[in-house]
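All residue numbers for the first sequence refer to my numbering, where the first residue is 4 and numbers rise by one.
There may be inaccurate statements among the hints.
Derived DEER-like restraints, expressed as beta-carbon distance ranges [as the list claims (entries may be wrong)]:
(1) R245 x A113: 37 to 43 angstroms
(2) Q270 x G108: 52 to 58 angstroms
(3) G296 x P121: 19 to 25 angstroms
Hints were generated in silico from the structure; no laboratory data involved.
Note that CB positions come from ideal geometry on N, CA and C, so glycine has one too.
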Amino acid sequence: MDTPAPSDLHDAVLDWYDDHARVLPWRGPEASPWSVMVSELMLQQTPVARVVPVHAAWLERWPTPADLAAAPTGEAVRMWGRLGYPRRALRLHAAAVAIVERHDGVVPAAYEDLLALPGVGDYTAAAIASFAFGRRHVVLDTNVRRVLARAVSGTELPAPAVTRAERDVATALLPDDPATAATWAVATMELGALVCAARQPRCDACPVAEVCAWRAAGFPAYDGPPRRGQAWAGTDRQCRGRIMALARDAASFGLAQVEAAWPGTEQRERCLDSLVADGLLTQVTPGRWALPG
DNA sequence: CAGACGTGGCT
DNA sequence: TAGCCAAGTCT
4 MDTPAPSDLH
14 DAVLDWYDDH
24 ARVLPWRGPE
34 ASPWSVMVSE
44 LMLQQTPVAR
54 VVPVHAAWLE
64 RWPTPADLAA
74 APTGEAVRMW
84 GRLGYPRRAL
94 RLHAAAVAIV
104 ERHDGVVPAA
114 YEDLLALPGV
124 GDYTAAAIAS
134 FAFGRRHVVL
144 DTNVRRVLAR
154 AVSGTELPAP
164 AVTRAERDVA
174 TALLPDDPAT
184 AATWAVATME
194 LGALVCAARQ
204 PRCDACPVAE
214 VCAWRAAGFP
224 AYDGPPRRGQ
234 AWAGTDRQCR
244 GRIMALARDA
254 ASFGLAQVEA
264 AWPGTEQRER
274 CLDSLVADGL
284 LTQVTPGRWA
294 LPG
């Protein structure tokens, strides 16, 4: 192993975070675990800037899991707005119901309990346990993966999927003290988001530039397996997005509107069916749909 | 494990 | 401008 001295890396990142952390609504001692949880679901594949206003409105309307659990799923989908991947709104609602049923309405602190909630995978469970409860967990998101790939492994980008070796590196670097580990987790994420960016890394402003393996190796370009982009134009996802926009913007909508929004009959019907099957829409009358009441 | 799943901003 | 990318999860 040719890893940098842990203490140097940790001190540099933690000191940098102390000075450069963004002030966000779900950070700080006043943020409730529910606020943290809501932010984490919203932040899955979605930029911070777009989450901030929706998160504020969401917490204002549903201050506790029980408040959300008591609301119709369609209202959650409408409040989700244009954050994307609206099934996350459904999952957050289902998670709120589960929290009421299984945890007396209190967001659980244990990783295993969190992982059992809808919409909460490995990353999100570790993030909530760490950020909301100060537990010690490896929080491996795309930012942390990129920071470790560069600083420790000397590669520009991590592999398409998390590898065993990658998790081992992250585990070895996790501070022993829970509170410090939790700060280390946010700090490495923040470094990846603000400095060690995917496209244009700001190495001139990086606190770990001196010990960065990627920099030491001369910034070799990514040479791993091809990272496939997601098709968009003409896909069911685009079609579903058009239909969901209709649903959000009115109490209900009819077939004529869907036809205007999407020309292809076969695909239009398939998407309508799948949205209903997903619980994102309900058919109120023949040829008329709405968000689920 | 590969593929589905929204949306919009930036280069 | 056409991609690429953003705090992933589920099947």
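Results for each hint:
no. : hint                            : verdict
1   : R245 x A113: 37 to 43 angstroms : holds (41 angstroms)
2   : Q270 x G108: 52 to 58 angstroms : violated (42 angstroms)
3   : G296 x P121: 19 to 25 angstroms : holds (20 angstroms)
Going through the hint list in order, the structure does not satisfy hint 2, though it satisfies all others.
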